[in-house]
Amino acid sequence: KNEVEQSPQNLTAQEGEFITINCSYSVGISALHWLQQHPGGGIVSLFMLSSGKKKHGRLIATINIQEKHSSLHITASHPRDSAVYICAVRWAGNQFYFGTGTSLTVIP
Amino acid sequence: EPEVTQTPSHQVTQMGQEVILRCVPISNHLYFYWYRQILGQKVEFLVSFYNNEISEKSEIFDDQFSVERPDGSNFTLKIRSTKLEDSAMYFCASSEERANTGELFFGEGSRLTVL
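Sequences listed follow chains A and B, in order.
When the letters of the first sequence are read in order and numbered with the numbering used here, they come out as residues 1 to 108.
When the letters of the second sequence are read in order and numbered with the numbering used here, they come out as residues 1001 to 1115.
In short, the hints are calculated from the structure, not lab data.
Each hint should be verified, as a subset may be incorrect.
As the list claims (entries may be wrong) - Covered stretches of chain A (chain B as the covering partner; in silico rule of three or more C-beta atoms under 8 Å from a C-beta of chain B):
(1) 15-27
(2) 69-81
To be verified - Below are the EDC-like pairs computed for lysine to aspartate or glutamate, each with C-alpha atoms no more than 16 Å apart in a straight line:
(3) K1042(B) with E5(A)
(4) K1078(B) with D1063(B)
(5) K1042(B) with E1103(B)
(6) K54(A) with D1063(B)
Unchecked claim - Residues from chain B that face chain A, not an exhaustive set, calculated with beta carbons under 8 Å:
(7) R1022
(8) V1043
(9) S1048
(10) E1056
(11) F1065
(12) M1089
(13) F1091
(14) E1103
(15) L1104
(16) F1105
(17) F1106
(18) G1109
The C-beta atom is built at its ideal place from N, Cα and C for all residues, glycine as well.
Please construct the entire structure, taking both the sequences and the accompanying hints into account.
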């Protein structure tokens, strides 16, 4: 069965800390999405990756196709980064399968 | 910046009633999706739609569900006879293309509460 696993499930950090959220999947994928879900429920796309690394502001996403693993890094974390971060992968077909999310709380 | 819009933001309905959730995808996008998230659970795929027809659907998307793009801009999800377990946040999403660069853009969600 194709699985998407995220770790950790919950993460609390002090403002300014470097944060890493991990995503592993069971079989080869065509694309991987990192998403941010706000406390109100809205979902925002952060990155879409199929290989390598992408950077946007304080956010960096990497993917290792051979190891079937992706990481989302947040540098100089801030309380406004507090949200649920979700990894979603696409295997064959046109649908994404979502992980359970990592709930991040950044304390001032 | 273009965005996906959804209405209503919250709907409360009685069990057995029909519900229509509406979405306006980003105008140049070609692929449209509905996802749902039951409270406290992960986001689940319901259906994808391309070229005026369903391209994929999940096991959740049974005969009680239907989708339509009636006028070239709106994309609707209809639940014919709602059940208690249909209570969830429903997200519409669109993407420009299906290939690996087909980034998903989500609406803010429609929260459905079935009593």
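Hint check results:
1. Check result for the segment 15-27 of chain A against chain B: violated, 0 residues qualifying (beta carbon to beta carbon below 8 Å, three or more required).
2. Judged by the Cβ-Cβ criterion of 8 Å, the segment 69-81 of chain A is not covered by chain B as claimed, because only 0 of its residues qualify and three are needed.
3. A distance of roughly 11 Å separates the Cα atoms of K1042(B) and E5(A); the hinted pair therefore holds under the 16 Å criterion.
4. A distance of roughly 10 Å separates the Cα atoms of K1078(B) and D1063(B); the hinted pair therefore holds under the 16 Å criterion.
5. For the suggested pair K1042(B) and E1103(B), the alpha carbons sit about 19 Å apart, so the restraint of at most 16 Å is broken.
6. With a CA separation close to 41 Å, the supplied pair K54(A) and D1063(B) exceeds the 16 Å bound.
7. Taking 8 Å as the C-beta cut-off, the interface hint given for R1022(B) is violated, the closest approach to chain A being about 17 Å.
8. The restraint placing V1043(B) at the interface with chain A holds, with a minimum CB-CB distance near 4 Å, inside the 8 Å limit.
9. For S1048(B), the interface hint holds, the least distance from its beta-carbon to any beta-carbon of chain A being 5 Å, beneath 8 Å.
10. Interface restraint check: E1056(B) against chain A, minimum CB-CB distance 5 Å, threshold 8 Å, status holds.
11. The interface hint given for F1065(B) is violated, since its Cβ lies 15 Å from the closest Cβ of chain A, which is over the 8 Å cut-off.
12. Interface hint status for M1089(B): upheld, as the beta-carbon distance to the closest one in chain A is roughly 5 Å, under 8 Å.
13. Because the closest C-beta pair between F1091(B) and chain A is about 6 Å apart, less than 8 Å, the hint holds.
14. A distance limit of 8 Å between C-beta atoms decides the matter here; for E1103(B) the minimum to chain A is near 4 Å, and the interface restraint holds.
15. Satisfaction of the interface hint for L1104(B) is found here, the shortest Cβ-Cβ separation to chain A being roughly 6 Å, below the 8 Å cut-off.
16. About 6 Å separates the beta-carbon of F1105(B) from the nearest beta-carbon of chain A, less than 8 Å, and the hint is met.
17. Residue-level restraint check for F1106(B) holds (minimum Cβ-Cβ distance to chain A is 4 Å; threshold 8 Å).
18. Restraint check, G1109(B) versus chain A: the minimum CB separation of about 5 Å is within 8 Å; hint holds.
In this structure, the earlier hints numbered 1, 2, 5, 6, 7 and 11 are contradicted, and the remaining ones agree with it.
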